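A.B. asks: Heads up: the sequence lines are chains A and B, in that order. Taking the numbering used here, I'd label the letters of the first sequence as residues 4 to 241. Taking the numbering used here, I'd label the letters of the second sequence as residues 37 to 439.
Since the hints were derived computationally from the structure, they do not count as laboratory data. Please read these numbers as outputs of a predicted model, since none were measured by experiment. You may find that some hints are simply not true.
[Said to hold, decoys possible] Label pairs and their in silico Cβ distance ranges: (1) V406(B) - S60(A): 39 to 49 Å; (2) A301(B) - G15(A): 30 to 40 Å; (3) I243(B) - G15(A): 48 to 58 Å; (4) R409(B) - D64(A): 24 to 34 Å; (5) S60(A) - A404(B): 13 to 23 Å; (6) A385(B) - E185(A): 25 to 35 Å; (7) Y83(B) - A241(A): 54 to 64 Å.
Virtual Cβ for every residue (Gly too), placed ideally from N, Cα, C.
The lines below spell out each chain.
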Amino acid sequence: MLELNGIMKGFGGRTVLDGVDAAFLPGTVTAIVGANGSGKSTLLKLLWGELGQDSGSIVYDEKPVDTASESWKHLVGAVPDDDALVDGLSIRGHFRLCGGFSGLSRDQVAERADHLIRLFGLEEAMHTTRSADEASRGNRKRLALALALLGEPRVVLMDEPFSGLDAERAAALATILRLLAERDRIVVFSCHDDGITRTAADRYALVSGGKVTIGHMEQLPPWSAQAIDTAGALPWLA
Amino acid sequence: MERAGDRYSRSLAVAGLRIALQSLRRADDVLRSRNRPEGALRGVTAYLAGFAAIRTMASTYVFLSTLRPLASRADAYGLAVLMTIAGCVPLAAVLLFSRSRLDITWRLSSLPLRISDRLVIASLEPAIAALPIAVLASLLPAIAALPVAPQSPTDYMKAALWYPLVTASLALGIRSLAGALGACLHGRTTVAPNHGRTVALAAVLLISAIANPDPIVNEHGFFIAVYRSKLAVSVARTAGLDLPLAPGSGLLALGAAIAALAFAALSALMEDAALRHCRARVTLPGSRSGSLWESWPMAAVVDRKRTAFWSLLACLALALLSVVQSAAPVVPLAVAAAIMLIRSISALAFIATESTTTRRFALIPARAGVADRTYFMTALVLAALVVAPLMAAGLIRMAQSSR
């Protein structure tokens, strides 16, 4: 189990996370939801070690973890919102670079890369692009997802993994997330799409006002549309 | 009521202006960026073009102020022709090696323009991108032709206009043909790296600067010194190089100019057709090039702009020149040290700057800083490989000097 105890994080004078207590369970897919700027990405960055918390602790399997440590990074597969791909590096080069530093053998990297390339449908992109930054947004996202699963992560953290994916790929990703949960992984992702969230996740973590509320997906309140004065909006397009 | 034609002309002008400004802004971005050796390379290129302009002005001044009383009309014409041809070399180099027009073609395709207008703007775009250097290079033939001016202002105008016109047409035609060929061979639809062009431009300007064409006179007549050899100015007439100035050759010169212009236009049309055709092509599996670094991914990250090969070629050329010209050993060694220093600082700056790459480094499950250190060490190794010819040239020159 991955627990957050009294996590506080602020930027400048603004507190984004204000004493967050939450627990993410193995075998479940949790969707982090909330308004723009509510702190979803900050929460994920704290978990994969890109940011450090101002106070509070993160506990995994009843042991506090240093999220900046190498051992924690081995346990985590992370997909940042911008995919964090390397300029000038080919798709296979990404697997070699990340796999090499992760301590995987050359054969292991090649075998897993072939599998992930097939699983995420990256074959065509490999042949039509020289470096990953030339690939389409959807292909870059799929490469970032594949890289997160190259090692043997126990915790899979994804920031907006469905953005840029077509409906078919999004459905495939939802299946993969479910598969990871069935294999006792902790799966956490952020998402703005209500339909995808309800399909792919079985729990939600609602970030609002610096706090996190966790519950079963059936308990997630329906999202209400932002109130817009339709009569007075866009007067120049009248 | 506004006519559709007026509105169309205005949209064409606005599109042209927007492209010109974007090209200049991009050139400015390169010069301002702290992490791109290309900015330094462009600075060197501009310096070399400026050097050529000053050298040509000095040669013309020397002729007009001191050598002119000694020169016959034939000498003055021959000198002007050869100096003008030499002055056209930087212009040709700028037009041949300035940035590719692939990216502008993409941008133009989104604008509501007629194909002919699109083609005109696309053809002019390389000149806009290299505008500062192109302006300097365009001045050279006009300065070099000045020895003719005291003899005949009309002939001066002919020389000052005909040679640059033909040179520019041929250069644009050749680059269009090369572009068409490249599009057919590679089938690339994205912007190709153009560092090779920048390096080639700098190399041509460097060779032109080292050649240093200079008028001299001795008891045997007028000559132009190129490198350390002498070329008689009378060769201009015997070789038929004085086409626009030779008596009775007006129609022939006009025909040659029209043929050159037609060549440029036809080549541009061919390139446009090739680019549009190749855009629809799908690259076949296994046809991708540039997988040299596949087995050493960090080198691919360091050389992400694929400049190492071209830098190596430039260093090789400079090393050869150093040895052939018997340069002081400190010259290649100092250049090598400067390149090492620039590449080291560039690598450090890259590591220190937040980017998707450094973000990925931070996510890699390795000890903190291992990826960064590997990046820096790889950058150093790559820089050492690039400057190896210069180091070798420096050592060879040191050995030669100590004998």
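A.B. asks: Run every hint past the structure and note whether it holds.
C.D. replies: Outcome of the hint check:
Distance hint check for V406(B) and S60(A): the Cβ-Cβ separation is about 26 Å, which falls outside the suggested range of 39 to 49 Å. Between A301(B) and G15(A) the C-beta distance comes to about 60 Å, which lies outside the given range of 30 to 40 Å. A C-beta distance of roughly 56 Å is found between I243(B) and G15(A), which places it inside the suggested range of 48 to 58 Å. Distance hint check for R409(B) and D64(A): the Cβ-Cβ separation is about 31 Å, which falls inside the suggested range of 24 to 34 Å.
For S60(A) paired with A404(B), a C-beta distance near 20 Å keeps the hint of 13 to 23 Å intact. For A385(B) and E185(A), the Cβ-Cβ distance of about 46 Å falls outside the hinted range of 25 to 35 Å, so the restraint is violated. Restraint check, Y83(B) to A241(A): a C-beta distance of roughly 58 Å satisfies the suggested window 54 to 64 Å.
Checked against the numbered hints given earlier, this structure breaks hints 1, 2 and 6; the rest are met.
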